[in-house]
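Colleague: Chain A is fixed; fit chains B, C and D onto it per the hints.
Keeping their order, the protein sequence lines are chains A, B, C and D. Just so it is clear: in the first sequence, position 141 is 141 by our numbering, and no numbers are missing. Just so it is clear: in the second sequence, position 85 is 85 by our numbering, and no numbers are missing. Just so it is clear: in the third sequence, position 82 is 82 by our numbering, and no numbers are missing. Just so it is clear: in the fourth sequence, position 174 is 174 by our numbering, and no numbers are missing.
The hints are simulated quantities; they were obtained by calculation from the structure and are not laboratory data. It is possible that part of the hints are untrue.
Which copy? The list can't say, so a pair holds if one copy fits it or any two copies do.
To be verified - Derived lysine to any residue pairs resembling SDA-like cross-links, with alpha carbons at most 25 Å apart:
| id | residue 1 | residue 2 |
| --- | --- | --- |
| 1 | Lys158 | Leu33 |
| 2 | Lys158 | Ala128 |
| 3 | Lys146 | His86 |
| 4 | Lys158 | Phe88 |
Spelled out from the first residue to the last, the chains are:
Protein chains: 4
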Amino acid sequence: MSSEGEEFTGIERMGAFCDGVFAIALTLLVLELRVPAADIVAREGLWHALGGHWSSYGAFALSFVIIGIMWANHHSLFRYIGRTNHVFSMLNLGLLFFTVLLPFPTAVLATYLPSPEARTPATVLYGANLVMTAIFFNWLWRYAIKGRRLLRAAADQKLVDHVTAATLLAFVSVWISLGIHALLAAMFLLPNKARS
Amino acid sequence: MSSEGEEFTGIERMGAFCDGVFAIALTLLVLELRVPAADIVAREGLWHALGGHWSSYGAFALSFVIIGIMWANHHSLFRYIGRTNHVFSMLNLGLLFFTVLLPFPTAVLATYLPSPEARTPATVLYGANLVMTAIFFNWLWRYAIKGRRLLRAAADQKLVDHVTAATLLAFVSVWISLGIHALLAAMFLLPNKARS
Amino acid sequence: MSSEGEEFTGIERMGAFCDGVFAIALTLLVLELRVPAADIVAREGLWHALGGHWSSYGAFALSFVIIGIMWANHHSLFRYIGRTNHVFSMLNLGLLFFTVLLPFPTAVLATYLPSPEARTPATVLYGANLVMTAIFFNWLWRYAIKGRRLLRAAADQKLVDHVTAATLLAFVSVWISLGIHALLAAMFLLPNKARS
Amino acid sequence: MSSEGEEFTGIERMGAFCDGVFAIALTLLVLELRVPAADIVAREGLWHALGGHWSSYGAFALSFVIIGIMWANHHSLFRYIGRTNHVFSMLNLGLLFFTVLLPFPTAVLATYLPSPEARTPATVLYGANLVMTAIFFNWLWRYAIKGRRLLRAAADQKLVDHVTAATLLAFVSVWISLGIHALLAAMFLLPNKARS
Numbered sequence: 001m002s003s004e005g006e007e008f009t010g011i012e013r014m015g016a017f018c019d020g021v022f023a024i025a026l027t028l029l030v031l032e033l034r035v036p037a038a039d040i041v042a043r044e045g046l047w048h049a050l051g052g053h054w055s056s057y058g059a060f061a062l063s064f065v066i067i068g069i070m071w072a073n074h075h076s077l078f079r080y081i082g083r084t085n086h087v088f089s090m091l092n093l094g095l096l097f098f099t100v101l102l103p104f105p106t107a108v109l110a111t112y113l114p115s116p117e118a119r120t121p122a123t124v125l126y127g128a129n130l131v132m133t134a135i136f137f138n139w140l141w142r143y144a145i146k147g148r149r150l151l152r153a154a155a156d157q158k159l160v161d162h163v164t165a166a167t168l169l170a171f172v173s174v175w176i177s178l179g180i181h182a183l184l185a186a187m188f189l190l191p192n193k194a195r196s
Numbered sequence: 001m002s003s004e005g006e007e008f009t010g011i012e013r014m015g016a017f018c019d020g021v022f023a024i025a026l027t028l029l030v031l032e033l034r035v036p037a038a039d040i041v042a043r044e045g046l047w048h049a050l051g052g053h054w055s056s057y058g059a060f061a062l063s064f065v066i067i068g069i070m071w072a073n074h075h076s077l078f079r080y081i082g083r084t085n086h087v088f089s090m091l092n093l094g095l096l097f098f099t100v101l102l103p104f105p106t107a108v109l110a111t112y113l114p115s116p117e118a119r120t121p122a123t124v125l126y127g128a129n130l131v132m133t134a135i136f137f138n139w140l141w142r143y144a145i146k147g148r149r150l151l152r153a154a155a156d157q158k159l160v161d162h163v164t165a166a167t168l169l170a171f172v173s174v175w176i177s178l179g180i181h182a183l184l185a186a187m188f189l190l191p192n193k194a195r196s
Numbered sequence: 001m002s003s004e005g006e007e008f009t010g011i012e013r014m015g016a017f018c019d020g021v022f023a024i025a026l027t028l029l030v031l032e033l034r035v036p037a038a039d040i041v042a043r044e045g046l047w048h049a050l051g052g053h054w055s056s057y058g059a060f061a062l063s064f065v066i067i068g069i070m071w072a073n074h075h076s077l078f079r080y081i082g083r084t085n086h087v088f089s090m091l092n093l094g095l096l097f098f099t100v101l102l103p104f105p106t107a108v109l110a111t112y113l114p115s116p117e118a119r120t121p122a123t124v125l126y127g128a129n130l131v132m133t134a135i136f137f138n139w140l141w142r143y144a145i146k147g148r149r150l151l152r153a154a155a156d157q158k159l160v161d162h163v164t165a166a167t168l169l170a171f172v173s174v175w176i177s178l179g180i181h182a183l184l185a186a187m188f189l190l191p192n193k194a195r196s
Numbered sequence: 001m002s003s004e005g006e007e008f009t010g011i012e013r014m015g016a017f018c019d020g021v022f023a024i025a026l027t028l029l030v031l032e033l034r035v036p037a038a039d040i041v042a043r044e045g046l047w048h049a050l051g052g053h054w055s056s057y058g059a060f061a062l063s064f065v066i067i068g069i070m071w072a073n074h075h076s077l078f079r080y081i082g083r084t085n086h087v088f089s090m091l092n093l094g095l096l097f098f099t100v101l102l103p104f105p106t107a108v109l110a111t112y113l114p115s116p117e118a119r120t121p122a123t124v125l126y127g128a129n130l131v132m133t134a135i136f137f138n139w140l141w142r143y144a145i146k147g148r149r150l151l152r153a154a155a156d157q158k159l160v161d162h163v164t165a166a167t168l169l170a171f172v173s174v175w176i177s178l179g180i181h182a183l184l185a186a187m188f189l190l191p192n193k194a195r196s
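With the rest of the complex left out, here is chain A:
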């Protein structure tokens, strides 16, 4: 019960569990997309009523892409890891916590992006969630590779360094997506009358 193969089964099952959580969080995002109300549709037509929810579709697409990329990164990271321990499990649980939470700031952003007063706190909340995700993601990986602590014996050091650079990139991409936010918010500094 203590060979590398056995340990690897443990990490495999943890990876499968995380995949499940990513897949569910990704799919639950659609539940925040609401069917337009009948009275608005009767007044403005369905296309106009749907168009009024543009911030929901934007937030859905953004969060979908973020969770999708996070899954892909998590997936490639786990291929190099051969063992798990208590600290690693806790860091991974922290990462999942902010992943599972993401549909909530997504819904807040979708609702309050069109509102001039609430737009900034909604964007900050969403961004804070992304930053926490990126922190745990980097922490997890750095903990695992410190002195090759949890790496598989066969893990090629050059590939490991490549993943390290990629997780840094993921961190940067959070800032890029925050930049997109800022841009969206800036667009709203122009006068507008939309208010969902």
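Modeller: Structure of chains B, C and D alone, referenced to chain A:
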């Protein structure tokens, strides 16, 4: 970390992730089926009140069958694929995006199919989602088989050609289901007073 | 790509997909349990307000047990099957359809079991869903074992006969659970004033 | 069809099913986090409106950690088990029942923790669910290890004893989390005017 076996583990886990997303999208559809309101049930009885939601059941059944068939096709497609790369992952994410989105146009269709004015845009929205799914599905497969780029070495070319024909068929079947839509819509051109 | 091992991978992945659907349908049931409204809690206290939702808890527990048992049966059935074909896939999709649908009649039953007029149609609807599930379950199995059509070469005929008897039992157990329904309904023929 | 390998496949698939249920229950928790209403946001600002839902975030975090730990324990427990039987399946279904149910008392706790009258019953309900989970968890394990009934032949007795102590600890940790509840409740004995 670079043998065919290792790569195949990557594609296996991607396939399992997609299976999870398909399974969740399929099951979430039921959340759009609403229990009839107490006052309508008191006035008309439960059967009548349920019957008033016929468009919900129709949309549920249609989307269930579409996601089910898409899963089966995706599943058989992945059996021939032995490697993944960045482009393939992105195309697959695009396919998942429109799959995860499907419960939303389903809910719109279920709500506005009985409404003479909103019926057409609701059907077009639903159809557009199906078309996007079919486009990504074909794109994914054609990208993978171009010069046997991502095929398993053992993949029999005759079987691969068979799958190519089948994905074309899937594309056609989208048009058939759109035809069923059109038919449903046409039925409504007959005068009716139902309005949920 | 045509050995028994390869085919078995296909059936394995279909089994895993079904497991996912069962697990999600099982877990989604909890979404129908509503937090009691603040005004009722203020007036009657939380325990009383919770007690007023007894039919929700009963329906939740009943559907949980039914999906749980269905999963266990499906699981043991798939252990004897070594191949899949188009008809088998369609029958399995039919079984999943009524499994995925179950949370809906569960919610209807939970809402209208306390109502003397709507209780009978709600029970019939729920029962009809169970009957459809049982029919597809038996159909699936009988199709697979006809002339050992889709059985694994190693499948012991005595064990196969045992499973056949067990699926029949599952069919009977539907009637038993319908009997429990009838009993619940009968209890309500006694005068009562509860009305949620 | 009767070697240890074959049986182990059965327990593997049961473990995967449970993983799925844990992952879904964990992720569904986010659906209870509601976007603050537009009128409260307009009056108090988004940060204040979000702050008014503190009990939702606390309940979310607590239940997330509990299900996460339960998954980790369940996972390590299943590594020692090589066979399943009917009693074990039923005990496991009991454990899953209270796991799947947890989002409901979580929502009740989130809603009524700020209310001085309803706070105690809400906490008792939540605690009762945790106690039931801990009971089934211990029962399951003790049943499996009784005379090494369902253990894998290779399972090291010292490690088994270690897990037994750990499940006892899980039981104790329920009482610790109940203590945290009590503390939260006690904090409320101080006069407060918050009422969501």
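Colleague: So, for every hint listed, does it hold in this structure?
Modeller: Checked hints:
no., hint, in the structure
1, Lys158 <-> Leu33, "neither (43 Å within a copy, 43 Å between copies)"
2, Lys158 <-> Ala128, "neither (32 Å within a copy, 45 Å between copies)"
3, Lys146 <-> His86, "within (15 Å within a copy, 28 Å between copies)"
4, Lys158 <-> Phe88, "both (22 Å within a copy, 24 Å between copies)"
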